[in-house]
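> Protein chains in written order, with the working numbering: chain A, 87 to 315; chain B, 11 to 528; chain C, 3 to 329.
Each hint should be verified, as a subset may be incorrect.
As the list claims (entries may be wrong) - Using 35 angstroms as the maximum straight-line C-alpha spacing, the simulated DSBU-like pairs for lysine-lysine come out as follows: (1) 98(A) <-> 523(B); (2) 23(B) <-> 213(A); (3) 192(A) <-> 213(A); (4) 283(A) <-> 262(A); (5) 311(A) <-> 292(A); (6) 233(A) <-> 213(A); (7) 46(C) <-> 80(C); (8) 98(A) <-> 262(A); (9) 290(A) <-> 213(A); (10) 334(B) <-> 44(C); (11) 292(A) <-> 98(A); (12) 303(C) <-> 46(C); (13) 290(A) <-> 98(A); (14) 311(A) <-> 283(A); (15) 192(A) <-> 233(A); (16) 303(C) <-> 226(B); (17) 334(B) <-> 303(C); (18) 80(C) <-> 44(C); (19) 262(A) <-> 233(A); (20) 144(B) <-> 290(A); (21) 47(B) <-> 80(C); (22) 292(A) <-> 233(A); (23) 192(A) <-> 262(A); (24) 334(B) <-> 80(C).
These aren't lab readings, by the way, just hints derived from the structure by calculation.
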Amino acid sequence: MLELDNLHIALKGFQLSADFSIRENRSTAILGPSGGGKSTLLMALAGFTPHSGQIRWRGHNISGLPPSNRPISMLFQENNLFPQLSIAQNVGLGLRPDLRLSAQDKSGVEEALARVGLEGRGADLPKQLSGGERQRVALARTVLRQKPIWLLDEPFAALGPALRRDMLDLVEDIRKVQSATLLLVTHAPEDARHIAKSCIFIDKNKALPPVETERFFSQPAPGFKDYLG
Amino acid sequence: MGGRPEPVTRPSKIFGWAALFAVALLVIVPVLALLSKAGTGGGGALFWPAIRFTLLQASLSALISVALAVPLAKALARRRFTGRRLMISLLGAPFILPSIVAVFGLLAIWGRGGVFSDLLAMADLGPLDIYGLKGVLLAHVFFNLPLATRLLLQGWQAVPAEHFRLATQLDLGRPARFRLFDLPILRSTVPTALLLVFMLAMSSFAVALALGGGPKASTIELAIYQALRFEFDLAGAARLAIVQLLIGLTAAALAFRLGRGAVFGGSLHIGYHEESRQIWPRLLDGVVIVAAALFIGLPLLAILLNGLNGLLTGLPPGLFGALKTSLIVALTSTLLALGLVLLLIHLINSVQGGGRIELFVMLLMATSPFVIGTGLFILLNPFVSPFALALPITALVNAALALPLMLRILRPAMQRAERDYGQLADTLGLSGWSRFRWLTWPQIRPELGFATGLAAALSMGDLGVITLFAPPDTQTLPLLMYRLMGSYRMDAAAGVALILLASSFALFYLFDKGGRHA
Amino acid sequence: MKNILFAAALSLPFGGVMAQNLPELNVYTYDSFVTDWGPGPKIKAAFEAECTCTLNFIAAGDGAALLSRLRLEGARSKADIALGLDNSLMEQARALGLFAPLAAPPQELNLPVAWQDDTFMPYDWGYLAFVYDNTRLQDVPDSFTALAASDLDIIIQDPRSSTPGLGLALWVKAAYGDQASGIWADLADNIVTVTKGWSEAYGMFLNGEADMVLSYTTSPAYHLIAEGDNSKSAAAFIEGHYLQIEVAAKLANSPESELADRFLAFITSDAFQSIIPETNWMYPVTDTPLPEGFASLITPKPVSGDLTPSATAKSAVVEEWVAALSQ
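Excised from the complex, chain A in its bound form:
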């Protein structure tokens, strides 16, 4: 269980509060108007944005932990790769921050790359890859890090619908294998329907508690109706 206990974020001209729990080992989508605070909520969970209240994971308060000590991997919209490192090195960072990779580490990297469909591309540089492929590399790194919580901040927003669905399937497959808890920020209701078991709607400075996806769409909250238009 990931508990957001009286979480409150106050930034310049912006406020967001959340007070609910998210179930483990399933995918939850976060929807809402742009500028509403979807990304900000993830940043707070990952430890990049200060907040009041508590974040608890399996009963332990993780609010005070530095980002690297949290049980969390985060994928950004862009810039997930260091341009001057090779694909394999970018993935390897997930295992060894100093990049002193053993033979075993290296085969782990290769396996992870194979898992996301990029076998044999380890020596390439990020600029030789397409946008979708770059996000796959970042996903491979997430796989290797084996953190129980994955935060995805619209990582596939730039991809076409078919490719996006493939990527979501891939994410969901791997997530199941690792029994990870996934929070996916998206602005596309079809993405939420595709992989999320439950959905969180952010409206007017408040993140509403998660609702089962079926019900979320069949009995939409008033704000969500406006959002869909």
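Since chain A is already given, all that's left is putting chains B and C on it; use the hints.
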């Protein structure tokens, strides 16, 4: 470097060539004009020693300024504290001081009659002796450390915030961070910073002499001045000017070879902000920032107090007229420089061998204002009274001298904008003015603000060619200040110096801030 | 673009059309002459009161810059008169062949040396001297040898870029001839630094950077009269002092030749001469009464030597100076 040629409309390229022609007019033509007048041979007794000392002091000034700028820029990049913005703005101040004002400010702190010597005297110790190479370096580091810091800081600010967050999440250690951030940032910014400081220090003359302690501290620029003003050896001055241009060319070529464009991707979230929980790195950064603030701030404070004292004795006549003239010249030359630099960048990006054009523009920094002034005078005199053109020429020359700085600051930003949004603009069919207005302008605004701010302030504080052309009824603030000093009125001159500093800084601040905010 | 036009418009008053149709006399001079506190405005008013003409002073840096501007402009120069050359520049100026002989060479000038010249009209003079703070310095050296033997700190100007700097080099040469180089070597450890011009040096001295500074015997008069401060004095040297005589001359191409002659004659009038001491801080060339503060100044004798050295002689002196101090 974004090798993809962008669509270029023919007329704008023609303007680009025209801008380049204007640069050539100022780099090459004055030297030719000098050579065309027969001179009496002889390079002067101090020809070789002057070259040697110039190279030595300029190289050391560049190395020390940039070496100190690295920890300062890094500390400023990763810490957030009250007054940080003000400090970053203040970094522009020393650079725009007229040299004589800076010398007095520095001496008020480091001189024999300065604060430190007074403190030492209380402990029965002799006064500080800063004259000699160390004094020259002290002054040049005071001038250029802030500039180098700003240039380096731009490098850190170009790194996407996601990369820093990623590094934090992955718990990357010091060596990995150094390799991933510092090294590529330094590789893309340090050569430029070294080059600019080297060029600026190379053309120093009054400062080098005043703090150098004697004729051993003679620079090429002094030899040029001597040849022009005292010996009227135009050919000799031209030869010295050519030597200086060749040194500048070599330095620029070297820096261009070393410098590689930054390879960071674009991001909507820019800015390095790391609140380290460890105490030692924070303490160290704090010490660096405080030391730099004192080093830069104390002489400025001395100038401020001295100037206030001067203003209390009354405003010298002609002050407001001089202020107005200076502002007009500064704004004119800033507009001119901005137009020229944008046309030049456009040209550089759109023709084969654009790098060579950039190299050529850098040579403006290695030109001597005396040579430009005298050369233009020789050229214009047969046709028109040079007096009548004093202010336009001053504006043009000031604009030209700011061009290299602006080019080095703006071009990487424009390349970044093209790389990140060029294709988008292509698909939308944006070209010419609308491409600039909607694509380039919003992307390069911070750099544009910084660069135009420097240009305006530099022009404001520059005595430059106006002394050669000065018309009778018009004087600029620096001219007024020198005239006051030349007739014993040191207090009044200090007051004018303060007004000059304040107005230059205000111009710089407005442009610089305008770039960073809405 | 608007700004450029504006700037150009600002510079129009000169070179453009003048309001009245009075004859105009253009006098090129140095910067400090034309300032509001310099002699320029008062002399303009005094001369215009009697000439029915317009007198324009045009500043061109210092004396050396003035000469180089005349050279650059050559026969096209707009100048009718050049005012502000001195005896160290005179021979170079004469060699240009741009100047016309004086219509009426001056009679009986009040100069420390005998003067005869058919082209250049002296308008003021002064001695170089080392100036010090008499509240802090008790053992005042009375010669270059005494100065070199002392541990006093001095600031001087560079002869390659400054007129008084050149004067000092010529002074030592005149006083010591072949031994000048040795004197400079002995002085080397007294010299705190060498500046580009007089202003830097004098400012640094006032800020306490040195015990003495190369300036003029009249410098203390400025502090006394303008600031009521009697703490500055000039040291009298037994070798005699370098004499600077400032001169004016008429350009041969002047279209206002007669008016120019009248101005040159006006120079020795009381109206002109009485303005000089308290604006240019130099001595008048006639026996016009001096302001009270001048009475306390030292009155040394001139060092004997070539008053108007040739360009070659000056270059040799400067080269010797550089060599002696670059050891």
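> Flag every earlier hint the structure violates by its number, smallest first.
Hint check: 8, 9, 17 and 20 fail, others pass.
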